[in-house]
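Enquirer: Could you put together the complete structure from these sequences and hints?
If you're matching them up, the sequences are chains W and R in order.
Okay, so the first sequence: first residue is 2 according to the working numbering, each after it adds one.
Okay, so the second sequence: first residue is 2 according to the working numbering, each after it adds one.
Some hints could be false.
For chains that are exact copies, the list does not tell them apart, and a pair is met inside one copy or across any two.
No more than 25 Å apart at the CA atoms, straight line, and that leaves these computed lysine to aspartate or glutamate pairs for DMTMM-like [to be verified]:
| hint | residue 1 | residue 2 |
| --- | --- | --- |
| 1 | Lys243 | Asp160 |
| 2 | Lys229 | Glu187 |
| 3 | Lys243 | Glu291 |
| 4 | Lys100 | Glu186 |
| 5 | Lys129 | Glu116 |
| 6 | Lys97 | Glu187 |
| 7 | Lys254 | Glu68 |
| 8 | Lys129 | Asp240 |
| 9 | Lys129 | Glu186 |
| 10 | Lys129 | Glu115 |
| 11 | Lys165 | Asp261 |
| 12 | Lys129 | Glu187 |
| 13 | Lys129 | Glu161 |
| 14 | Lys165 | Asp135 |
| 15 | Lys229 | Glu186 |
| 16 | Lys129 | Glu172 |
| 17 | Lys165 | Glu272 |
| 18 | Lys129 | Asp160 |
| 19 | Lys296 | Glu228 |
| 20 | Lys63 | Glu260 |
| 21 | Lys197 | Asp226 |
| 22 | Lys273 | Glu209 |
| 23 | Lys296 | Glu54 |
| 24 | Lys229 | Glu59 |
| 25 | Lys243 | Glu209 |
| 26 | Lys97 | Glu161 |
| 27 | Lys254 | Glu83 |
Derived by calculation from the structure, the hints in this document are not laboratory data.
Number of protein chains: 2
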Amino acid sequence: MATLIAPSNHSPQEDAEALRKSFEGWGTDENTIIAILGHRTVHQRQQIRRAYEEIYQEDLVKRLESEIKGDFEKAVYRWILEPADRDAILANVAIKSGKNYNVIVEIATINSPEELLAVRRAYLHRYKHSLEEDLAAHTTGPLRQLLVGLVTSFRYVGDEINPKLAQNEAEILHDAVKEKKSSYEEAIRVLTTRSKTQLVATFNRYREIHGGSISKKLVDEGSDDFEKALHTTIRSINDHFKYYEKVVRNAIKKVGTDEDALTRVVVSRAEKDLKTVSEVYYKRNSVLLEHAIAKEISGDYKKFLLTLLGKED
Amino acid sequence: MATLIAPSNHSPQEDAEALRKSFEGWGTDENTIIAILGHRTVHQRQQIRRAYEEIYQEDLVKRLESEIKGDFEKAVYRWILEPADRDAILANVAIKSGKNYNVIVEIATINSPEELLAVRRAYLHRYKHSLEEDLAAHTTGPLRQLLVGLVTSFRYVGDEINPKLAQNEAEILHDAVKEKKSSYEEAIRVLTTRSKTQLVATFNRYREIHGGSISKKLVDEGSDDFEKALHTTIRSINDHFKYYEKVVRNAIKKVGTDEDALTRVVVSRAEKDLKTVSEVYYKRNSVLLEHAIAKEISGDYKKFLLTLLGKED
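Expert: So this is what it looks like as structure tokens:
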């Protein structure tokens, strides 16, 4: 379930006008920005962008960039974009930075096949290269095989499970973890092509046979970029709520807080299933997610994230 | 240019009724089947299928299968389907037969990125597996990397060329041809991710530097499945008219004729660019394509293919 609270009817024109007013005079009225944009669905936000452009002949996104700054700006900027476009940017940043491949894995595994296609389209449109083209040019070896395989996948979506396949492929994954490099190729094939339902069955079979989850086994073993990406792949496919819970937990646990990761999870999931992630967080930590976040950040950034988390004004 | 001759207006109901009549009585009236289906666009053929289903509560494709046979039936069956669905079937047959990977390469490289996506959708719908899933499960090593990379690509379409990249990647391809296996990985990356325009620039650069086309070099060298697929990839991206000309030439040159290949080219291209393929054929062989084909095949199959080739009744 989503945490976003948005009115069923709003006037894009009035919203655009209120935003314009918040930019005028001495300083910017951040509260208005939060009160409006923090309570609008993706469709409503695009309507506001169009209305603003029509009335003021100006790009709202560009104007916002010049009005606000820091983590608040980054969060508003990520939020105002359409999800596919946002993911395209996140993927591009991750590729160029040469680290944080878990963002690529998230985008490729947690989005539905059609959503992932939309990200690839948005990426092509924005960068005039394909996502896999840039990714393949910046990586090598098994890491490239895994990441390119994940972002180019168009998996079957359905409940059908082949138990025999789950059994065989649990062993393929086991071999890959045990013997490492030598048998990664088959493990990559399995993880990049099978349906998620089938893969969850395979992970379950692994646990039954080997008495322990495969992702735990992987953590014990390795820590290079490829193994990290492999680990993220398995965890995000297996249970993306738990996966996000841990991303958020690590982000706020860090000395200095990892704002990028925190913003990414809140902004990406507020309209989808952040409530579920929040429930998993509470169950795991006996602290409300909004309280934990509120303790670590401040100012307009904090107000904005808490609004997306469903805090009543 | 297409060779198909189709009327701009037709009545799907009347067509359905005429087809039904051709099935009744003693034997089937093949001439009517050819006269109708051999002169209808993909859209018109789908309208006829729907009209037939509505009037007779029967699947036209199934009925045709029971009425006609042999190469004629196969050609009509391939022709009546929507292109994406037809390619999905061709790909599945190629995967299951474990040879003829050139069909996979054709589908992946000659279709536009959006057409290729449509094939992947059709494949998922028909087989409840993804195309790359079945392909990866039936292949290994560099052949798998190449084929899966090709079918999952979503290339940038545009005229922009990066000459420096063309230069560098011409050398990558050169190394791959020269040193073989060891450097295939980079060559596969280049061939499966760059835009076709960029790749043609790279092939041209290769010719300038090394004085000879890369596909010729590849033929000299190898002949295992992977190298054949690599060769087909380069040829079909470089100039698919020339590529198809050769497929047809080989198909009719063979003792016994390769009807599958012949049908595939005629049926797949009649509505797109078979006229251009035919012109390339004439230039190369000084024989009209329709005459060359007419000499090798017979009966209703011959009548049907020649109709698709634009022969006036």
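Enquirer: Each hint: holds or not?
Expert: Each hint tested on the structure:
1. Taking identical chains as interchangeable, the C-alpha atoms of Lys243 and Asp160 lie at most 25 Å apart only when both belong to the same chain, with a minimum of 21 Å there against 44 Å between chains.
2. Proximity of Lys229 and Glu187 under a CA criterion of 25 Å is satisfied in both settings, with 17 Å inside one chain copy and 23 Å between copies.
3. For the identical chains of this complex, Lys243 and Glu291 are intra-copy neighbours only, at 17 Å inside a copy versus 63 Å across copies, given an alpha-carbon limit of 25 Å.
4. Within a single copy, Lys100 and Glu186 get their C-alpha atoms as close as 22 Å, and across copies as close as 22 Å, so both meet the 25 Å cut-off.
5. Taking identical chains as interchangeable, the C-alpha atoms of Lys129 and Glu116 lie at most 25 Å apart whether they share a chain (19 Å) or sit on different chains (19 Å).
6. With identical chains, the CA atoms of Lys97 and Glu187 are at most 25 Å apart between copies only, with a shortest distance of 19 Å across copies and 28 Å within one.
7. For the homomeric pair Lys254 and Glu68, neither the shortest alpha-carbon distance inside one copy (30 Å) nor that between copies (72 Å) is at most 25 Å.
8. Taking identical chains as interchangeable, the C-alpha atoms of Lys129 and Asp240 lie at most 25 Å apart only when they sit on different chains, with a minimum of 23 Å there against 33 Å within one chain.
9. In the homo-oligomer, the alpha carbons of Lys129 and Glu186 lie at most 25 Å apart only across protomers (23 Å), although the nearest pairing inside one protomer, at 30 Å, exceeds that limit.
10. Taking the closest pair of Cα atoms, Lys129 and Glu115 come within 25 Å of each other both inside a single copy (20 Å) and across two copies (16 Å).
11. For the homomeric pair Lys165 and Asp261, neither the shortest alpha-carbon distance inside one copy (41 Å) nor that between copies (35 Å) is at most 25 Å.
12. Taking the shortest alpha-carbon separations for Lys129 and Glu187, only the inter-copy value of 21 Å comes in at or below 25 Å, while the best intra-copy value is 32 Å.
13. When the C-alpha separation of Lys129 and Glu161 is checked against a cutoff of 25 Å, the pair qualifies only between copies, where the shortest distance is 9 Å, while the shortest distance within a copy is 37 Å.
14. Taking CA atoms no more than 25 Å apart as the test, Lys165 paired with Asp135 passes between copies only; the shortest distance there is 16 Å, against 37 Å inside one copy.
15. In this assembly of identical chains, Lys229 and Glu186 lie within 25 Å of each other by CA distance both inside one copy and across copies; the values are 16 Å within and 22 Å between.
16. In the homo-oligomer, the alpha carbons of Lys129 and Glu172 lie at most 25 Å apart only across protomers (23 Å), although the nearest pairing inside one protomer, at 41 Å, exceeds that limit.
17. For the identical chains of this complex, Lys165 and Glu272 are neighbours neither inside a copy (37 Å) nor across copies (44 Å), given an alpha-carbon limit of 25 Å.
18. Only between protomers do Lys129 and Asp160 lie at most 25 Å apart by alpha-carbon distance; the minimum there is 10 Å, versus 36 Å within a single protomer.
19. Proximity of Lys296 to Glu228 under the C-alpha cut-off of 25 Å is found in neither arrangement, the shortest distances being 33 Å within a copy and 60 Å between copies.
20. Only within a single protomer do Lys63 and Glu260 lie at most 25 Å apart by alpha-carbon distance; the minimum there is 22 Å, versus 60 Å between protomers.
21. Taking identical chains as interchangeable, the C-alpha atoms of Lys197 and Asp226 lie at most 25 Å apart only when both belong to the same chain, with a minimum of 23 Å there against 31 Å between chains.
22. With identical chains, the CA atoms of Lys273 and Glu209 are never at most 25 Å apart, being 32 Å at best within one copy and 54 Å at best between copies.
23. Taking the closest pair of Cα atoms, Lys296 and Glu54 never come within 25 Å of each other, the shortest separation being 37 Å inside a single copy and 65 Å across copies.
24. For the homomeric pair Lys229 and Glu59, neither the shortest alpha-carbon distance inside one copy (43 Å) nor that between copies (54 Å) is at most 25 Å.
25. Taking the shortest alpha-carbon separations for Lys243 and Glu209, only the intra-copy value of 20 Å comes in at or below 25 Å, while the best inter-copy value is 55 Å.
26. Taking the shortest Cα distances, Lys97 and Glu161 sit within 25 Å of each other only across copies (21 Å), while inside one copy they are farther apart (38 Å).
27. Proximity of Lys254 and Glu83 under a CA criterion of 25 Å is satisfied in neither setting, with 29 Å inside one chain copy and 55 Å between copies.
This entry does not satisfy hints 7, 11, 17, 19, 22, 23, 24 and 27, going by the numbered hints stated previously.
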